[in-house]
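Enquirer: Listed below, chain by chain, are the residues.
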Amino acid sequence: MELNIIIGGKAGAGIKEAGRMFARVIANLGYYVFVDVDYPSLIRGGHNFVNIRFSDKKIMSVKSKADIIIATDGRSIRAHEKDAKEDTVWVINEKERREGAIRAPFKEVAPGFFKSSSVLGVLLKLLGIPLEEGLPLILSLPQKEKNESIYREAYNSVSEVYKIRKLSETKRELLTGNEAIALGAVDGGLDIYVAYPMTPASPVLHYLAKNKNELGIKVVHPENEISVINMALGISYAGKRSMVGTSGGGFALMTEALSLSGMAEIPLVIYEAQRAGPSTGVPTYTAQSDLLFCLFAGHGDFPRIVLAPGDAEEAYFLSREALNLAWKFQVPVLLLGDKTLGESIFTAEINREKRVEKPKLWNGNGDYKRYEITDDGISPLAFPGTENITVKVTSYEHDERGITVEDALLVKKMQDKRLKKAETIRNYMINEDYAIKIEGNPQSKRVIITWGSNKGVVNEVAEETGYKVIRPLILEPFPHERIKGEIERAEKVIGVECSASGQFIRLLSMYGIRVDANIKKYDGRPFYKDELKSLIERY
Amino acid sequence: MELNIIIGGKAGAGIKEAGRMFARVIANLGYYVFVDVDYPSLIRGGHNFVNIRFSDKKIMSVKSKADIIIATDGRSIRAHEKDAKEDTVWVINEKERREGAIRAPFKEVAPGFFKSSSVLGVLLKLLGIPLEEGLPLILSLPQKEKNESIYREAYNSVSEVYKIRKLSETKRELLTGNEAIALGAVDGGLDIYVAYPMTPASPVLHYLAKNKNELGIKVVHPENEISVINMALGISYAGKRSMVGTSGGGFALMTEALSLSGMAEIPLVIYEAQRAGPSTGVPTYTAQSDLLFCLFAGHGDFPRIVLAPGDAEEAYFLSREALNLAWKFQVPVLLLGDKTLGESIFTAEINREKRVEKPKLWNGNGDYKRYEITDDGISPLAFPGTENITVKVTSYEHDERGITVEDALLVKKMQDKRLKKAETIRNYMINEDYAIKIEGNPQSKRVIITWGSNKGVVNEVAEETGYKVIRPLILEPFPHERIKGEIERAEKVIGVECSASGQFIRLLSMYGIRVDANIKKYDGRPFYKDELKSLIERY
Amino acid sequence: MAVAKKSLYTGAEITWCRLCGNFGLMSAFGWAVHELAETIPYEKFVILSGIGCHGKIVDYIDLNSFYSLHGRAVPTATGIKLANPELKVICFVGDGDIYAEGISHLVFAAKRNTDITVIVHNNRAYSLTTGQFAPTSPSYFKGKSTPYGSPEDPMNPLAIMLSSGATFVARGYAGFTDHLKNIIKEAILHKGFSFVDVLQPCVAFYNTYDLYNRQTYRLEQTDHDPSDFEKAYSKALEWDYNREDVKIPIGIFYRVEKPTYEERA
Amino acid sequence: MAVAKKSLYTGAEITWCRLCGNFGLMSAFGWAVHELAETIPYEKFVILSGIGCHGKIVDYIDLNSFYSLHGRAVPTATGIKLANPELKVICFVGDGDIYAEGISHLVFAAKRNTDITVIVHNNRAYSLTTGQFAPTSPSYFKGKSTPYGSPEDPMNPLAIMLSSGATFVARGYAGFTDHLKNIIKEAILHKGFSFVDVLQPCVAFYNTYDLYNRQTYRLEQTDHDPSDFEKAYSKALEWDYNREDVKIPIGIFYRVEKPTYEERA
Ligand SMILES: Cc1ncc(C[n+]2csc(CCOP(=O)(O)OP(=O)(O)O)c2C)c(N)n1
Ligand SMILES: Cc1ncc(C[n+]2csc(CCOP(=O)(O)OP(=O)(O)O)c2C)c(N)n1
Ligand code: SF4
Ligand code: SF4
Ligand SMILES: [Mg+2]
Ligand SMILES: [Mg+2]
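Residue numbers (the working numbering), protein chains in the order written: chain A, 1 to 539; chain B, 1 to 539; chain C, 1 to 265; chain D, 1 to 265.
In isolation and in its complexed conformation, chain A is listed as follows (with noise of 0.2 angstroms):
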């Protein structure tokens, strides 16, 4: 049992909100439930959608062809007939008309605002969902007299059409990338948030901020991102966790500052949400063509780590690991995501755990060395404010005691230096579990290589067309050898990405990883499953 609903409309009349909302019933029903939400740059009008897929299995991708299409407005009509089948059910406003379509009365709060709770309605009586199961979403809204008589009017506008019973009693719960970011962070330990608005990173400060209190952090918005970069900098210096969001332009901005975080060795962690580029580009749409960007940002050789989410659990348990990780090796780490991971919704098991590892701390004996030559290449940690020690921190080449040298011999002491520690991470990383996910049916010998959010509709159409799924987490440092022990007995294997020059294939040719055909989609519109499996069967 699955079925697929487009729900269309203006910008601002609550479209996202009813996505929500259904989302919210369906999985309480204990469905599994994905939300693609589609939006364009701009408030009040234009259209938006969301795509809502869920089914009794777990499914985490959309299809281009909807079941049912929920047009709120004229636009809608024409902008979803390409995304009609022959039997798809069409609701439509009681203004319009379309042959064959069901009309019903999609009522504004307010003018231009709040057509969700109509469309909840509609929606529910249509997949024979009882009336109840929306009402606690709708009186928890503002105006809450006001939509629930919206809500109950549109309900009993239209006759049932399926018959969508309850699966279990347990209710899944749902997520959104971005949510579970900003938790993984929390839990992971987190002290201060910083960052400046930007599309589809700003639900993680938004939702940080909101909730700080209650989850005992503060946030800071500056006046750009270069100040959001060197002020989390000196947070990390200071002792406390920081973290910075941002997408590709304002990245790009804090590539000086990065290299700054390689070479004083102060932990770092940026989530780098990607959207569709170059430049300002679509901003409101999704890619994955930052990849060699990030990989290689920031001027001079310096060890760093790169973490790849695929859905909302692994952005919980990367989030968390990259705090740890920044803190364990003093180095930036990069939880490299995008709009479909950040702002799609989810239906996750997180089990939220506090885990915060204790870095190697300075054992309080002797003189303080910053930048104290040891075996592995990291230094202990210590703070300003520690009696009788100075913390002496540096953007220059240094000695241990992080004072300026320009000696031939102490520069490539300190290289060294962090070459060793490069090595030391690069052994921690590439044994560790989550390196490489292996889905798909991993006996096949067609294998699909691929990255980031395109893990579930990759995953769902491998299982349906029997290819091996080969996925790695970690991108830097990259697992090479585990993925071509994977690879080794293959006899075709295809790379998919959003990216127009095919960045992941040319990061994994860099260890010597060919493929034998490259699937790109760059047109801001994540992967739709019935897209994916055509253009995989063809191969």
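If you're looking for bench data, these hints aren't it; they were derived computationally from the structure.
Any given hint could turn out to be false.
What the hints assert, rightly or not - Label-pair ranges, simulated between beta-carbon atoms: (1) B:Asp375 <-> D:Lys142: 50 to 60 angstroms; (2) D:Asp178 <-> C:Glu230: 26 to 36 angstroms; (3) A:Lys360 <-> D:Asp223: 57 to 67 angstroms; (4) A:Ser534 <-> B:Asp376: 30 to 40 angstroms; (5) B:Glu537 <-> A:Tyr511: 42 to 52 angstroms; (6) A:Arg514 <-> B:Glu488: 10 to 20 angstroms; (7) A:Thr374 <-> D:Tyr9: 52 to 62 angstroms; (8) C:Gly11 <-> B:Glu488: 56 to 66 angstroms.
Please read all numbers here as calculations on a predicted model, not as lab measurements.
Glycine residues also receive a C-beta, built at the ideal position from the N, C-alpha and C atoms.
Let chain A serve as the given structure and place chains B, C and D with the ligands on it in line with the hints.
Expert: Just chains B, C and D with the ligands now, with coordinates in the frame of chain A:
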């Protein structure tokens, strides 16, 4: 006949000046000369030195061991003990002591300033070069009487050790890499140079600012690098040729607008003079560790060109070429140099010739569309101010007129246009004669592969040890097929680069090119000939 | 000499909210251009914008344009003017855009007296990013990044511009289109750096129509002398972008002639 | 209670030019710290710097330090203070560094009233990069990037700081070490954002000792009232960083109490 001379002393004592004057004299006598300038980041005091090598054969490297060491202060004696051979001729300040050293009066024109005249006097006499050969240089200095008397006294204070004769009547030309870049840009049609000071790129700014009237250009020094690059984009949009110059940290700040240049298809040349990083690093020393950053900087997918000259002649040629390519293809072009290339003095043979190619211009018919879709992906240019049309450029994804689009099909269409352009660029560039250089012993099956300013030292060592040298001058689009062709029958391939993490080798591996060994230097100093030779001989 | 009026509309779909202050601002600018077109040909205008709701204006107006980056329109404009001094270069920027991200460029454009015009769509909020506090938001502003109220007091951009050397400093109100049109005309005609802070209500995140309708008054209707720096500065301090109970002067605060950057560079 | 004086010298080789104004500035700061150490333990101090000759100071002074990027010491300092409000955070920055590259951060630190101290080594030149004009260079300044004279008039950082909301604004002179020491002490003790512009002669690129010895006078020796904003502002305008024939006031121009950013954030 060749000699290697080190002159050491305090910053501000005219050591660089002495090196430059001596290079002038010896080049006037028909010799080839190469000067490596080694100085820490400070204004007065500390320890500076120039390492000068001259020969009757073409050379472009220095050795670590010197035939003559001129130590103008006590510190220089200690600093250069390690650079002496058994038979090194030492000249030290008369106030100092060292066994077997010649003592000479290194006089200052003013306290702490300008020992250069005395150094030149001593050196010329030591080499048996007539006093008159240096006199014109001395007389062009400020305080010429005082300088002349110091020069004469110094000349007469020591005895001849060598007898360097005039080699030919042709005086060789001297040029730093930075001067060559400045002149190349001007001859490529530069209208306005925009830069914020940053070692080792600043000399281009200084040179152009000083000569702007004769060269017929404007020079602008704005408030920061972000302003620099955005100003330059404005200049190009308005139809004038712009160029910017910076080093790694400043380039990092430019990466957001680099992506804009890609999206808006605005011609731009960026000179990135690498120095030892990460971060502030060792700012007056050399490195090749911004390579991967430059290749992948900027969010999103967009075409770019990256050029890497190996000496002053190539710097002139590629800088001129960069201007033309930027306008031919309407893309950002990076000219990737480093401190060794930029600040070393070369004997260079440059025939200055203005070469300003006309870009693809709008034919004036019909409506103007800035992003017209064409067969080669290149849209005709027009500039604001043209009657009856509007020229609209944008950082957003756009239609042919330059108006924002978000629709999936239109987004893909423009991405495809830029992919098409990338292909046009690739086809053009990889067939360029200069895409790769084959040097050393072209018949050899033992190969060194290297890039940038290693040219001189690698070629010399290769000639002596019988290696073939492959050196790409175009790093993007990468001429990998041609490299592979050259490498096919090689028995041994050794990489040589100045990067701790081996960035060049990682670039090669991205295209399936593997090396058997990689020789890396990362202490901020260039490879010295004797040093590299012994390293190569180990394989 | 009457010049044929060119349509200034590109035909692109306008995606501002109904009643957004940007409409008034765009009209004022359009009128100003039409009036100026008597002496300045349309093709000599170049408009630029930052990123934000305000930025969309360059998609709508059919003049030469450069849709720049968030915070960066001003240096780009300076480059255009340097390259071709015959062009009239006007930047449409946002308050988040130019008072936060790009403040350095604004200060230096004023310092240099570069001959461009900067028009700030000052809605005192980050709107396109769905409502965060901005440098000129009042301290009680509850935005998405500061749901418990902004921890900062607003900046006074006029005071900063005057202190940075701007030679033309004005404030307009998008609700008084005709008055704003005159300011914009004067700003464009001014030789040197012109700065116009436009109070622009944002109906979605900070609806200030009532406030401005009630509190603004016109400097021309007082004895204000725009050639007097001290008076201009004290007028600039009259309203602190925070209080709602003081009068808000609009009009030209300051105007003085100085050699431009393009002349000196 | 007498506290044992800690040596504040790291032993690193000092590579400033002989007679550089930075020596006077460093002494003044050292004395201030020793005096403050009576009540503030040494380990509670954190010093930061930008990149330039000025920046080397953090290598020489044996206190906790963060040798930051060109122009970025101020946001880093804000982060430190947010993370640990018990620390006394002092930035040593250059005029190129913070009036050009990092001006946005300076304006916002003032606006926020973040409780840090910013000491500007204002030698009115880019020195470490061998002598280019800087934001406060006079217009006749011939630097390496402007060999025919700067095309810009100097900025007045005090006016900008006052207009940005700084709660402590002062100017010192590196040649009057004792006077400067007192200013620095007051600045560090001030709760809120403290800004000290220090006139720092650079003997290599802009030797201004004579000028400052001749022209400076002390505000304490006048009837200046630092609690009066208007007076502070007009005192700030007295010298435009250009003329050599007007008197240059040094001392504390303005001081007022306001809640700090750390308290409000
Ligand atoms: C470097 C960068 N950072 C962040 C953003 C995201 N962004 C887009 S619009 C905007 C704020 C807009 O506020 P404002 O400038 O006041 O414009 P308004 O929408 O209010 O007109 C931001 C932060 C961006 N595009 N670029
Ligand atoms: C991003 C960046 N741009 C440029 C530089 C090069 N740089 C180093 S010091 C300096 C100028 C220093 O001037 P100022 O801040 O006044 O310091 P001073 O040397 O005069 O003390 C510059 C531009 C840099 N380090 N980083
Ligand atoms: S969100 Fe505000 S500024 Fe943006 S279009 Fe709507 S009303 Fe205008
Ligand atoms: S160059 Fe100037 S600022 Fe730098 S150390 Fe020398 S005198 Fe001081
Ligand atoms: Mg705004
Ligand atoms: Mg300075």
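Enquirer: If you check each hint against the structure, which ones fail?
Expert: As far as the earlier hints go, 5 and 7 are violated by this structure, in ascending order.
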